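Participant: Start from the sequences and build out the full structure, keeping to the hints where you can.
For the protein sequence lines, the chains are F and B, in the order given. Residue numbers 1 to 226, in this note's numbering, belong to the letters of the first sequence in order. Residue numbers 1 to 236, in this note's numbering, belong to the letters of the second sequence in order.
What the hints contain is simulated information worked out from the structure, not anything from laboratory work. Mixed in with the good hints, there may be bad ones.
To be verified - Residues from chain F that face chain B, not an exhaustive set, calculated with beta carbons under 10 Å:
1. Pro-115
2. Glu-120
3. Ser-143
4. His-191
Computed from a predicted model, the values in this text were never measured in an experiment. Cβ atoms here follow ideal geometry from the backbone N, Cα and C, with glycine treated the same way.
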Amino acid sequence: MLDFGPFYLTLKLAVTTTVILFIVGIPISYWLAFSSSRFKVILEAVVGLPLVLPPSVLGFYLLLAFSPENSFGKFLDTHFDLRLVFTFPGLVIASVIYSIPFMVQPIQSGFRVLPKNLMEASYTLGKSKVTTLIEVLLPNIKSALLTGCILSFAHTIGEFGVVLMVGGNIPNETRVISIAIYDEVEAMNYHQANVYSSILLVFSFLVLVSVYLINHSMLNRTTSHD
Amino acid sequence: MIEIKINRKLNGVNGSLDLRFDTKIKEGEFVTIYGPSGAGKTSVLKMIAGLLVPDDGRIVVGHSIWFDKSKKVNVRPQLRNIGMVFQDYSLFPNMTVRENLEFALEKGQPKNIIDDLLQLTELGQLYNKKPAVLSGGQKQRVALARALVRRPKLLLLDEPLSALDSEMQSKLQDYILQIHEEFKLTTILISHDLLEVIKMSGRVLVLEDGHVKKDGAPTAVLPLGHLKELLSKVAF
Numbered sequence: 001m002l003d004f005g006p007f008y009l010t011l012k013l014a015v016t017t018t019v020i021l022f023i024v025g026i027p028i029s030y031w032l033a034f035s036s037s038r039f040k041v042i043l044e045a046v047v048g049l050p051l052v053l054p055p056s057v058l059g060f061y062l063l064l065a066f067s068p069e070n071s072f073g074k075f076l077d078t079h080f081d082l083r084l085v086f087t088f089p090g091l092v093i094a095s096v097i098y099s100i101p102f103m104v105q106p107i108q109s110g111f112r113v114l115p116k117n118l119m120e121a122s123y124t125l126g127k128s129k130v131t132t133l134i135e136v137l138l139p140n141i142k143s144a145l146l147t148g149c150i151l152s153f154a155h156t157i158g159e160f161g162v163v164l165m166v167g168g169n170i171p172n173e174t175r176v177i178s179i180a181i182y183d184e185v186e187a188m189n190y191h192q193a194n195v196y197s198s199i200l201l202v203f204s205f206l207v208l209v210s211v212y213l214i215n216h217s218m219l220n221r222t223t224s225h226d
Numbered sequence: 001m002i003e004i005k006i007n008r009k010l011n012g013v014n015g016s017l018d019l020r021f022d023t024k025i026k027e028g029e030f031v032t033i034y035g036p037s038g039a040g041k042t043s044v045l046k047m048i049a050g051l052l053v054p055d056d057g058r059i060v061v062g063h064s065i066w067f068d069k070s071k072k073v074n075v076r077p078q079l080r081n082i083g084m085v086f087q088d089y090s091l092f093p094n095m096t097v098r099e100n101l102e103f104a105l106e107k108g109q110p111k112n113i114i115d116d117l118l119q120l121t122e123l124g125q126l127y128n129k130k131p132a133v134l135s136g137g138q139k140q141r142v143a144l145a146r147a148l149v150r151r152p153k154l155l156l157l158d159e160p161l162s163a164l165d166s167e168m169q170s171k172l173q174d175y176i177l178q179i180h181e182e183f184k185l186t187t188i189l190i191s192h193d194l195l196e197v198i199k200m201s202g203r204v205l206v207l208e209d210g211h212v213k214k215d216g217a218p219t220a221v222l223p224l225g226h227l228k229e230l231l232s233k234v235a236f
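Facilitator: Encoded structure:
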């Protein structure tokens, strides 16, 4: 009997991560796109780190940070009764950090290619920065927002190293699909591993196809009138 | 009375430019700023609008100080109550013509001004269209109407007609003059088109290399030889 636990858990993790990243990613991208602060490069580098670091390195440091043996983990444990090692919330935080460039970079470049005059026109019409962001900027970078969400979602589904380090392999808590596949292979259950893998393969393919479809139709709608 | 005395160092393609702009404009006056590209015309307008901060100086409009470096005053563009029309129109692509205008409404402002403006600029038929399907002249009228929704006292026009053909230019020039009268505006127009300057304004400021080189009636101030040449072409 096929255990759907890992699928459910993976989807739950990917959706949660994407929603959090969407909310966190917009202000970060906005700041990176429009700020002239000297410290911008620092934040830009921090956001980009997960792209170059092996997931195991990131996972290792998160494991250390989350561990109740250390100050941050101990602080969370004593003040909030929150354990992040080998738990789902810990997995969510690790995923958010791990996938942040996939949300921030598309939105940031979306902001950058918008004509600056749109923003200035809105200011001269008496509108605040927040109103301008919500009513003028974001509706005009829908394609970038969608790309950010899809990439973050897909990247979280494909996660392995970070999850293994921070989450381990606890059924219905941290045993996501990629871990389950690894586990089945280790136990020589090739058939089971194959079933999981092929479902993931087909699912990922369909997600990407639908994204590109939506993106193409959005692009066509904006260019065909010109 | 509007008093502008500002300066700012600009870094452009032709190296750096020390922009010094010093003038007084009477209420209800229609002034053009004429000059070659790169002379700092747009920067002047942006500093009046509050979109660019001068390095030094002051801008006083009526009784309110918009900018004063020595007093550390810099009123946000949102609070300056100006109407500004950009060279590229800057309509919001996600909104229809009507929505573009409605976006500019202030909280609690009655909506009937939208219909008045749509009618005035002959956009009534197009209210439901997105900017992408409009012609240049139509876009420009939307931009103009949108800039007037808040009933500003000061209208800033940054080469609003430069991308249009001459017939459309002439028609829109008439619109702008009509609106200037009807809304009792003080208008500052940037233009590098001599004929436009002569038609539109009683006073022109010639901006060259970041300085106001000449100030007066267009016929007295503009390069007349060049003008005669242009006029002879128009005579055909």
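Participant: Which of the numbered hints are not met once you compare them with the structure shown?
Facilitator: 3 and 4
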